[in-house]
Amino acid sequence: MRGGGAGTGVAVAEAVRCADLTFRFGQHTAVDAVDLAIAPGEMHGLLGPNGAGKTTTIRMLTTLIKPVSGSISVFGIDVTARPMLVRRMIGYVPQALSADANLTGVENVELFARLFDVPRKVRARRVADALEAMGLTDAATRLAGTYSGGMVRRLELAQALINAPRLLVLDEPTVGLDPIARGVVWEYIARLRDEHSMTVLMTTHYMDEADANCDRISLMHRGKIRATGTPDELKGTLGDEATLDDVFRHYTGDTLDKAPEEGGIRDVRRARRTARRLG
Amino acid sequence: MTFAAPGAPLAGSGEPFSPDSLPHGPLASLARLASRVATLCWVELRKIRHDRTELYTRAIQPALWLLIYGEVFTRIHAIPTPRGVPYLAYLAPGIIAQSALFIAIFYGIQIIWERDAGVLTKLMVTPTPRSALITGKAFASGVRSLIQGIVVVIIAALLGVTLTVNPLKLIGAALVLVIGSAFFACLSMTIAGLVVARDRLMGIGQAITMPLFFSSSALYPTRIMPGWLQAISKVNPLSYEVEALRGLLIGTSTTLWLDCAILIVATLAGITAASLLLPRLASS
Numbered sequence: 017m018r019g020g021g022a023g024t025g026v027a028v029a030e031a032v033r034c035a036d037l038t039f040r041f042g043q044h045t046a047v048d049a050v051d052l053a054i055a056p057g058e059m060h061g062l063l064g065p066n067g068a069g070k071t072t073t074i075r076m077l078t079t080l081i082k083p084v085s086g087s088i089s090v091f092g093i094d095v096t097a098r099p100m101l102v103r104r105m106i107g108y109v110p111q112a113l114s115a116d117a118n119l120t121g122v123e124n125v126e127l128f129a130r131l132f133d134v135p136r137k138v139r140a141r142r143v144a145d146a147l148e149a150m151g152l153t154d155a156a157t158r159l160a161g162t163y164s165g166g167m168v169r170r171l172e173l174a175q176a177l178i179n180a181p182r183l184l185v186l187d188e189p190t191v192g193l194d195p196i197a198r199g200v201v202w203e204y205i206a207r208l209r210d211e212h213s214m215t216v217l218m219t220t221h222y223m224d225e226a227d228a229n230c231d232r233i234s235l236m237h238r239g240k241i242r243a244t245g246t247p248d249e250l251k252g253t254l255g256d257e258a259t260l261d262d263v264f265r266h267y268t269g270d271t272l273d274k275a276p277e278e279g280g281i282r283d284v285r286r287a288r289r290t291a292r293r294l295g
Numbered sequence: 497m498t499f500a501a502p503g504a505p506l507a508g509s510g511e512p513f514s515p516d517s518l519p520h521g522p523l524a525s526l527a528r529l530a531s532r533v534a535t536l537c538w539v540e541l542r543k544i545r546h547d548r549t550e551l552y553t554r555a556i557q558p559a560l561w562l563l564i565y566g567e568v569f570t571r572i573h574a575i576p577t578p579r580g581v582p583y584l585a586y587l588a589p590g591i592i593a594q595s596a597l598f599i600a601i602f603y604g605i606q607i608i609w610e611r612d613a614g615v616l617t618k619l620m621v622t623p624t625p626r627s628a629l630i631t632g633k634a635f636a637s638g639v640r641s642l643i644q645g646i647v648v649v650i651i652a653a654l655l656g657v658t659l660t661v662n663p664l665k666l667i668g669a670a671l672v673l674v675i676g677s678a679f680f681a682c683l684s685m686t687i688a689g690l691v692v693a694r695d696r697l698m699g700i701g702q703a704i705t706m707p708l709f710f711s712s713s714a715l716y717p718t719r720i721m722p723g724w725l726q727a728i729s730k731v732n733p734l735s736y737e738v739e740a741l742r743g744l745l746i747g748t749s750t751t752l753w754l755d756c757a758i759l760i761v762a763t764l765a766g767i768t769a770a771s772l773l774l775p776r777l778a779s780s
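One line per chain: the protein sequences are A and B, in this order.
Quick note, the first sequence lines up with residues 17 to 295 if you use this note's numbering.
Quick note, the second sequence lines up with residues 497 to 780 if you use this note's numbering.
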């Protein structure tokens, strides 16, 4: 897979490029003509209230749904035209804690090694290395069902890393974790991108985390990107004392305080589904 | 921290990615399909190994069918079996197919559960075609059914049923059981793709398993059924699975190849339907 690249000419392509990207659920435009460019090696944060269109954008990027119009490419490869190729370049950690509780840590990672065609000869080694990189060696042979939330998240990162992805996509990586576990997960993510200059695209609700970890941030609201820049640039537009929270409020109005009037339907539906499952 | 082995593509940017160096063509697709099916069957085996409870609890029902229903109906000679085989022996393949059916129907519920838990989306972001994912799940249900089937065969043997000892016929029966289970898993996943909500599917699963069972030839020969039930039985793949199993295990059927062909065609159709509906699960 390495070297050559003959005929593809993608060496200088942006890690992610969205042009006029649009998605609709019935009448509701969830993602509305989004333009977005992420440079290789960048840690990019996609911020916005519930229903802003962040997860829908990520679902289009990860080949799960097809855009209604516009285009999206990863390292120069069109996501809609060649989804199988794009999947080989992406490591994806969804919002829900989604390791298989009935398999051990090793088996969870080995599953993804097999699904990414990691050659049998190097498989066991790569699995062990990925688990070690996430500090899970001691827990590797335990069932994932016995892991804490923070450990599951690290296990998922190990799964996403087994293919040595060029783009790591994290949907709310620290949601539902306690503050200490959040800190640990960020430490691991930061180490990963420092040591491998991996491109990272993440969504989050936590302004402080975005401020501390992202190179650039896009603020999304009602399907549109309202502002893009480094955390300092964004804060700078509102004066010296401004925090990212202020910037967020400035661009999204008071939606943080009020329930979203529109666009929250899908979250509500999801919550209802969860409630039914529990009930 | 180095987790990429030498020679493997390194994480990070800057390195040109060459899609052309990936194997392609129909042979490569077939190899990938085989690899994905093997992987998902491997996962199933690991899970059974970690937790055998289900293997034991699922053995209770077939044991009761053979022990109580089977013994009683053997005594009253109410059901005319072909070539006068003992009723318990006639019943055993039907009960093996039944326990496979009950296992397979669960896979639609499982795939919705995996969707809700985020596991399915993660699998769908790996280089695994939708059809390979469905085929893998279908055959994983086959693996579980096969192990359950062995348990039922042992119970039947303990009750004095003599099945074939011809290894080729046993392998054939194993294949029939796996393919039959794959079909019902696909049926269940197809319904999952249509109804999308798990609680609704549970109701539908309950509502179709018993009718599928009673309208098949699992308990009694089709020829003693009323006409309308015979018609249903003719389009019920479980009948063909049961007849193929009987042909191989107790040597009754004369249409073994036709039964197998119908099962294979039904399974291919099931894989196609479930694969086409899978994106519905991912996008809602």
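Check each hint, because a few of them may be wrong.
Think about it this way: if two alpha-carbon atoms lie no more than 25 Å apart in a straight line, the pair counts; the simulated SDA-like pairs of lysine to any residue are [stated by the list, open to error]:
#1 A:Lys137 - B:Ala534
#2 A:Lys137 - B:Ser779
#3 B:Lys543 - A:Lys82
#4 B:Lys543 - A:Ala155
#5 A:Lys82 - B:Ala693
#6 A:Lys137 - B:Trp538
#7 B:Lys665 - B:Lys543
#8 A:Lys82 - B:Ala769
#9 A:Lys137 - B:Lys665
#10 A:Lys82 - B:Ser779
Since the hints were made in silico from the structure, they are not lab data.
Original post:
Holds or violated: Lys543 of chain B with Ala155 of chain A, Cα cutoff 25 Å?
Top reply: holds (18 Å)
Original post:
CA of Lys665 of chain B to CA of Lys543 of chain B, is that 25 Å or under?
Top reply: violated (28 Å)
**OP:** Starting from Lys137 of chain A, check that the Cα of Trp538 of chain B is at most 25 Å away, please.
**Re:** Between Lys137 of chain A and Trp538 of chain B the Cα gap is close to 17 Å, so the pair holds against 25 Å.
Original post:
Would the pair Lys82 of chain A and Ala769 of chain B pass a check requiring their Cα atoms to be no farther apart than 25 Å?
Top reply: holds (20 Å)
Original post:
Do the alpha carbons of Lys82 of chain A and Ser779 of chain B lie within 25 Å of each other, as the hint requires?
Top reply: holds (9 Å)
Original post:
Would the pair Lys137 of chain A and Ser779 of chain B pass a check requiring their Cα atoms to be no farther apart than 25 Å?
Top reply: violated (36 Å)
Subject >> Agreement of Lys137 of chain A and Lys665 of chain B with the hint, judged by alpha carbon distance not exceeding 25 Å >> reply: Violated. Lys137 of chain A to Lys665 of chain B sits at ~36 Å, over the 25 Å cutoff.
Original post:
Quick one, are Lys543 of chain B and Lys82 of chain A close enough, alpha carbons at most 25 Å?
Top reply: violated (34 Å)
**OP:** Given the hint that Lys82 of chain A pairs with Ala693 of chain B, test it: the Cα-Cα distance must not exceed 25 Å.
**Re:** Between Lys82 of chain A and Ala693 of chain B the Cα gap is close to 22 Å, so the pair holds against 25 Å.
Subject >> Agreement of Lys137 of chain A and Ala534 of chain B with the hint, judged by alpha carbon distance not exceeding 25 Å >> reply: With a Cα-Cα distance of about 17 Å, the restraint between Lys137 of chain A and Ala534 of chain B holds, given a limit of 25 Å.
Violated hints, in rising order: 2, 3, 7 and 9; the structure is consistent with all others.
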